[in-house]
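A.B. asks: What follows is each chain in one-letter form.
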Amino acid sequence: MSVMTSNKHSATPTPPSRKRNSLSKGKLPRWAVPATAAGAIIIGAALSTLTGFSVATFAIYSAVLFVIAATVLTSAVEGKRQGRNAMWTYLIYGSFLLALIPLASVLYTVLEKGLPGMSSHFLFTSMNGVTGAVDNQTVADGTPVLGGAYHALMGTLLITLWATVISVPVGMLTAIYLVEYGKNGPLSKAITFFVDVMTGIPSIVAGLFAAAFFGLILGPNARMGIVAAVALSVLMIPTVVRSTEEMLKIVPNELREAAYALGVRRWRTILKVVIPTAISGIASGVTLAIARVIGETAPILVTAGIASQINTNVFANWMSTLPTFIYYQILTPTSPTNIDPSVQRAWAAALLLILMVMALNLGARLIASLFAPKKGR
Amino acid sequence: MTTNALKSKSSTSGQAGDKIFSGTALAAGVLILVTLFAVAIFLLIQALPTFVADPADISGGEGFFAYIWPIVIGTVIAAAIALLIATPVGIGVALFISHFAPRKVAGPLGYVIDLLAAIPSVIYGAWGYMVLAPALVPIFEWLAANLGFIPIFAGPASQTGKTMFTAGIVLAVMVLPIITSLSREIFLQTPKLHEEAALALGATRWEMIAMAVIPFARPGIISAVMLGLGRALGETMAVALVLSTGNLIPSLIKSGNQTIAAEIALNFPEAFGLRLAELIAAGLVLFMITLIVNMIARGIIARHKEFSGAN
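These protein sequences, in sequence, are chains A and B.
Letter 374 of the first sequence, counting from 1, is numbered 391 in this note's numbering, and no numbers are missing.
Letter 5 of the second sequence, counting from 1, is numbered 202 in this note's numbering, and no numbers are missing.
Take these hints with a grain of salt, some might be off.
Cut-off 30 Å, straight-line C-alpha distance, at most; resulting in silico cross-link-like pairs (DSSO-like, lysine-lysine) [unchecked claim]:
no., chain 1, residue 1, chain 2, residue 2
1, A, K97, B, K389
2, A, K266, B, K389
3, B, K216, A, K289
4, A, K266, A, K200
5, B, K301, A, K44
6, A, K266, A, K206
7, A, K289, A, K200
In case anyone wonders, no lab produced these hints; they're calculated from the structure.
Remember, it's a predicted structure, so these values are computed and weren't measured experimentally.
So here's chain A without its partners, still in its complex pose (with noise of 0.2 Å):
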């Protein structure tokens, strides 16, 4: 790398001499770049007028322009290698910004459309009682918009309290089979193989099968709660499986074998010593986990059902969960005449479940360097 950067910087300290133009050394000069981009900028400009002008064309016109310019430019006086080089480089610095195009739309979409509706009539507020006609009379009068996602953001906590309670311990307990008892055995083996099958299962198929589950034993069409939290746990385990090991495998072994020069027992060694020095990365693993199921909707969808009413009970009847709000406001309006209310209360939901995802992202980095074990001075 070092070689081409002295090799664009030996361009600009050209003696005075009668060949002065530092093209003739066969570099670009330094102008060159920005200069294309732009006439790419202008002629992408005038090319989207001429065919109609919206922003999308301007900005397709000017980057194949500029790409096409650049390579050519750079072959003719570089020399073809370095052309090549020159359309790789820009290609892949624009597939950058090309996956920073979405990202940036996603968020914006969800600031601007669910900021309006965030109140704390949202926050503390239920479906009960809210149909179409309550939605026809709020856009007939202008007043704001009733009826929130209580019941949903109840169902979310309650049925991801519920995966996590059941997922963690499971989790765990493998990852210490794996890692401490299982000495790459052909059932450990086996395990890690699963585990790994598993992280790839579709969430539906997961709800499917806890659907399918208790169905056989409670009836068809058992929806409730903890059917939910264990399709979210067959989502959820591989994850804390996953991570657990990773981290109880960095312990040192010499700290284990130190508690057991001192005749501590195995599993006193495990609970006290281990797990203690890991704990930082299993809670960030975990809180991971929780981030990446919590907006699951597939799942719910078919094992959770969709309620309008405040529902605390996971053992019995059916529950909303913030994706399945966001999925059934957008799908079938409260009132499919007038869906502004409708699209209004799904985006301030989405608003809220990206805040508690990015909420638990940022957890689980606070946690991993708060915890992390200390260092030796």
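Given chain A, work out where chain B should sit, using these hints.
C.D. replies: Chain B alone, transformed into the frame defined by chain A:
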């Protein structure tokens, strides 16, 4: 791992604790195996009525196979569009973060791309439904007008933009972070000496990447793409919200087509009896497809591990 010599038999106190603890750990591990096995068995039991029912009773009236194959094809089409878009972009982003971005900003940039993975799928679905689909309508109209002779762009274009193509783009955004984060990790593992040797021989940066990085990372890239494929095949909400469903048609810019996951999500809440069994059977088919794809991906990773360990 731990040495057996340290297992003391002198004290009996706590021996029970040892047994209980290792027993529970073992039970948890076995529970996972049982769960996965149960997934297959329960789905099979619940799906059974579909396979023994009179073909005329199945949706469409021509048996389960005639019912399932159009939505299998639809699933594959959606995933294929997603991968065609996400693979080059994802690899480009990974290369940008690993080899082009200044070292100081590379970490935060990786985090930004990981944010894409953190956004819940239903929000992508809502975004595709309300923002992306309307924005794509003019492009679809242009495609129908100018490239309409190609069957996949046959017009008239959808006026809502809720088509297979839109669903594929949303899926591409969702699998992009998977492809990026996995291939970035592989790119960073490229032996530094290979890269420096290429540069020392006068290679340009692109030649260095093409000669040293890509060949080293090829198995990793393939498995990253396969894992992305697994995600795209099983993704539900994006398709359920974005696609306006219908029969299997070749055109990607008209409403129509359907995927397995979306078919289940859209119909399950009202399904009962044989229809329920049908949907569970469809779920079983999806499970099998993703299982095979994921196993191939894991196999490639496992093989790659052995050979990269030697480097």
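A.B. asks: Would you mind marking each hint as holding or not holding in the structure?
C.D. replies: Structure-based check of each hint:
Distance restraint check for K97 (chain A) and K389 (chain B): the Cα-Cα separation of roughly 26 Å lies within the 30 Å cut-off, and the hinted pair is therefore satisfied. Of the pairs offered as hints, the one joining K266 (chain A) and K389 (chain B) holds, with about 26 Å between alpha carbons and a cut-off of 30 Å not exceeded. Distance hint between K216 (chain B) and K289 (chain A) is fulfilled; the C-alpha atoms sit about 17 Å from each other, no more than 30 Å. For a cut-off of 30 Å, the pair hint linking K266 (chain A) to K200 (chain A) stands: about 12 Å separates their Cα positions.
Distance check on the hinted pair: K301 (chain B) and K44 (chain A) sit about 28 Å apart at the alpha-carbon level, within 30 Å; holds. A C-alpha spacing of about 15 Å is found between K266 (chain A) and K206 (chain A), which places the hinted pair at or below 30 Å, so the restraint holds. Restraint check for K289 (chain A) and K200 (chain A): the C-alpha separation of about 21 Å stays at or below 30 Å, so the hint holds.
Of the numbered hints given earlier, the model fails none.
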